[in-house]
Amino acid sequence: MEGQYYFLGDNVGLAKVHGTQSYICVDTRSWESMIFITGGAVEPDEVEAFKRFLSPADVVLDIGANFGLYSLIAGDVVRDNGRLFSFEASPHTFQFLKRTALVNRLFWSGRNSFVNAAVSDAPGEASFVSYMNSLGGSHIQNASQDLPEATVVDRVKQISIDDFLDKDLKVDLVKIDVEGNELNVLKGMQEVIKRSPSIRIILEYYTNSAEPTEQGKAVLDFIWSIGLTACSIGGKGILTEIPKGKYPTGNLYLFLTKTPQQDVVRTSNLIALKMRGFQYHNVYRGPSALLHGDGTFKFEKSHHLETTEPTLFFGPYIPLQRGRYQLRAKAESTGPAHITFAHDLGNTIVAQFIIDDWKSPIEFTLDIDISDLEIIVRRTPDLERLQISEMELARI
Numbered sequence: 034m035e036g037q038y039y040f041l042g043d044n045v046g047l048a049k050v051h052g053t054q055s056y057i058c059v060d061t062r063s064w065e066s067m068i069f070i071t072g073g074a075v076e077p078d079e080v081e082a083f084k085r086f087l088s089p090a091d092v093v094l095d096i097g098a099n100f101g102l103y104s105l106i107a108g109d110v111v112r113d114n115g116r117l118f119s120f121e122a123s124p125h126t127f128q129f130l131k132r133t134a135l136v137n138r139l140f141w142s143g144r145n146s147f148v149n150a151a152v153s154d155a156p157g158e159a160s161f162v163s164y165m166n167s168l169g170g171s172h173i174q175n176a177s178q179d180l181p182e183a184t185v186v187d188r189v190k191q192i193s194i195d196d197f198l199d200k201d202l203k204v205d206l207v208k209i210d211v212e213g214n215e216l217n218v219l220k221g222m223q224e225v226i227k228r229s230p231s232i233r234i235i236l237e238y239y240t241n242s243a244e245p246t247e248q249g250k251a252v253l254d255f256i257w258s259i260g261l262t263a264c265s266i267g268g269k270g271i272l273t274e275i276p277k278g279k280y281p282t283g284n285l286y287l288f289l290t291k292t293p294q295q296d297v298v299r300t301s302n303l304i305a306l307k308m309r310g311f312q313y314h315n316v317y318r319g320p321s322a323l324l325h326g327d328g329t330f331k332f333e334k335s336h337h338l339e340t341t342e343p344t345l346f347f348g349p350y351i352p353l354q355r356g357r358y359q360l361r362a363k364a365e366s367t368g369p370a371h372i373t374f375a376h377d378l379g380n381t382i383v384a385q386f387i388i389d390d391w392k393s394p395i396e397f398t399l400d401i402d403i404s405d406l407e408i409i410v411r412r413t414p415d416l417e418r419l420q421i422s423e424m425e426l427a428r429i
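Start counting the sequence shown at 34; every next residue gets the next number (my numbering).
Keep in mind that the hints were calculated from the coordinates and are not lab data.
A couple of the hints might just be wrong.
Unchecked claim - Capping the alpha-carbon separation at 25 Å, the derived lysine to any residue pairs in SDA-like fashion look like this:
hint : residue 1 : residue 2
1    : K220      : G283
2    : K190      : V148
3    : K227      : L198
4    : K203      : L324
Claimed, not checked - The calculated label-pair distances, taken between Cβ atoms and stated as ranges, are:
hint : residue 1 : residue 2 : range
5    : N380      : R188      : 47 to 53 Å
6    : F140      : N114      : 33 to 39 Å
7    : I259      : H314      : 54 to 60 Å
8    : E417      : P276      : 25 to 31 Å
9    : K392      : G72       : 27 to 33 Å
10   : R411      : H125      : 34 to 40 Å
11   : I382      : V136      : 29 to 35 Å
Bear in mind the structure is a predicted one, so any value in this text is a computation, not a measurement.
We treat Cβ as the ideally placed atom computed from N, Cα and C, and that holds for glycine.
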């Protein structure tokens with residue numbers, strides 16, 4: 034464990050997050066910190082689904098951020114092109130969230146907002162209960178609730194997402210973990226959901242029962258009533274659609290989407306790769322940008338005669354299991370391009386090809402599970418034109 038965990042004193046620890054180069058700041062009194070401290074994977078299936086639908090230009094909300102696991106994952110991806118809004122109600126836990134943001138160089142970015150407030154269905158104030166030995170279970174206080182020892186109750190600011198965000202801002206990805214207040218959070222962001230065509234929400238669904246509960250039914254009935262489809266999240270982040278009228282039991286996370294068929298396929302054998310999900314060098318931006326408004330990638334050599342940068346695009350940094358894969362692209366080209374498959378931030382090359390005919394699938398093999406597949410496409414001196422509308426990655 035050398036180099037993975039640092040105890041800073043006064044119940045403060047800094048732990049390396051499993052499978053990343055990032056660090057998270059934890060309260061060592063809280064039981065969930067033990068997983069981070071020992072280098073374990075926290076919510077691996079949910080994190081896999083979250084990362085799979087995360088793109089550099091996304092607007093991301095982390096509601097109930099706790100120590101900041103999902104915030105640091107999102108912040109690292111959207112750092113230069115997207116937006117991150119991270120909400121934590123507990124004043125105590127918020128200090129750890131801020132430290133997580135600071136150590137990962139996210140706090141001072143103008144693209145990120147860290148908000149110490151409870152999220153619900155209306156603005157105002159709330160009494161918020163923090164359990165010092167289980168900070169992840171902290172929640173808005175119920176009127177008739179008897180509080181055990183080792184709890185702290187704070188009066189905190191309460192907001193709704195609809196009131197907080199700019200009225201024209203569209204959201205792409207949301208994580209909600211608010212210990213029983215999920216329905217109110219959803220009610221308070223109906224306008225955001227309505228105006229965001231590609232919104233996807235990962236939501237904790239907690240019934241603590243082998244039978245459907247009234248609260249669980251109310252949450253799902255509301256989800257269906259506002260035009261969202263609910264999916265369960267299985268191993269490796271694979272989605273399974275939940276039929277209307279069927280109410281899961283137990284404690285799990287739901288994946289809410291407006292495009293269930295597309296998303297279920299994306300998490301199984303076939304992964305759709307949008308050109309918006311890749312990154313582009315600054316020299317290819319401006320009037321002759323390679324990524325067009327319709328989401329199509331277009332390169333014309335005649336438009337970039339004075340540009341010598343060979344890399345056209347790179348990304349999307351998605352996790353993949355070991356196995357053999359095919360990449361198919363809807364593309365047209367004049368002249369050859371160079372394509373590289375890599376991981377470990379480009380430091381480990383998996384395969385490289387010169388591609389002149391994009392009609393044939395490109396195959397490569399992964400010998401190990403990876404967390405960040407990178408596809409790098411570079412121009413060659415003879416590449417005159419390349420247009421790609423979409424790509425698909427399939428395990429074969």
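Given the range 47 to 53 Å, decide if the beta-carbon distance of N380 to R188 lies inside it.
holds, 49 Å
Are K392 and G72 spaced within 27 to 33 Å by their CB atoms?
violated, 45 Å
Quick check on a hinted range of 34 to 40 Å for R411 and H125, using CB atoms only.
violated, 49 Å
For the hint 25 to 31 Å, verify it against the beta carbon of E417 and that of P276.
violated, 51 Å
Keeping to a limit of 25 Å between CA atoms, is the pair of K227 and L198 held or broken?
Within the cut-off at roughly 14 Å; holds.
Hinted pair, alpha-carbon criterion (25 Å max): K220, G283. Please report holds or violated.
Status holds; Cα separation ~23 Å.
Next pair to validate is K203 with L324; report whether the Cα-Cα distance is within 25 Å.
holds, 19 Å
Is the gap between the beta carbons of I259 and H314 within 54 to 60 Å?
violated, 40 Å
Pairwise beta carbon distance, F140 to N114, judged against the given window 33 to 39 Å
Cβ of F140 to Cβ of N114: about 18 Å, so the range 33 to 39 Å is violated.
For the pair I382 and V136, does the Cβ-Cβ distance stay inside 29 to 35 Å?
holds, 30 Å
Is K190 within 25 Å of V148, Cα to Cα?
holds, 10 Å
The earlier numbered hints that this structure contradicts are 6, 7, 8, 9 and 10.
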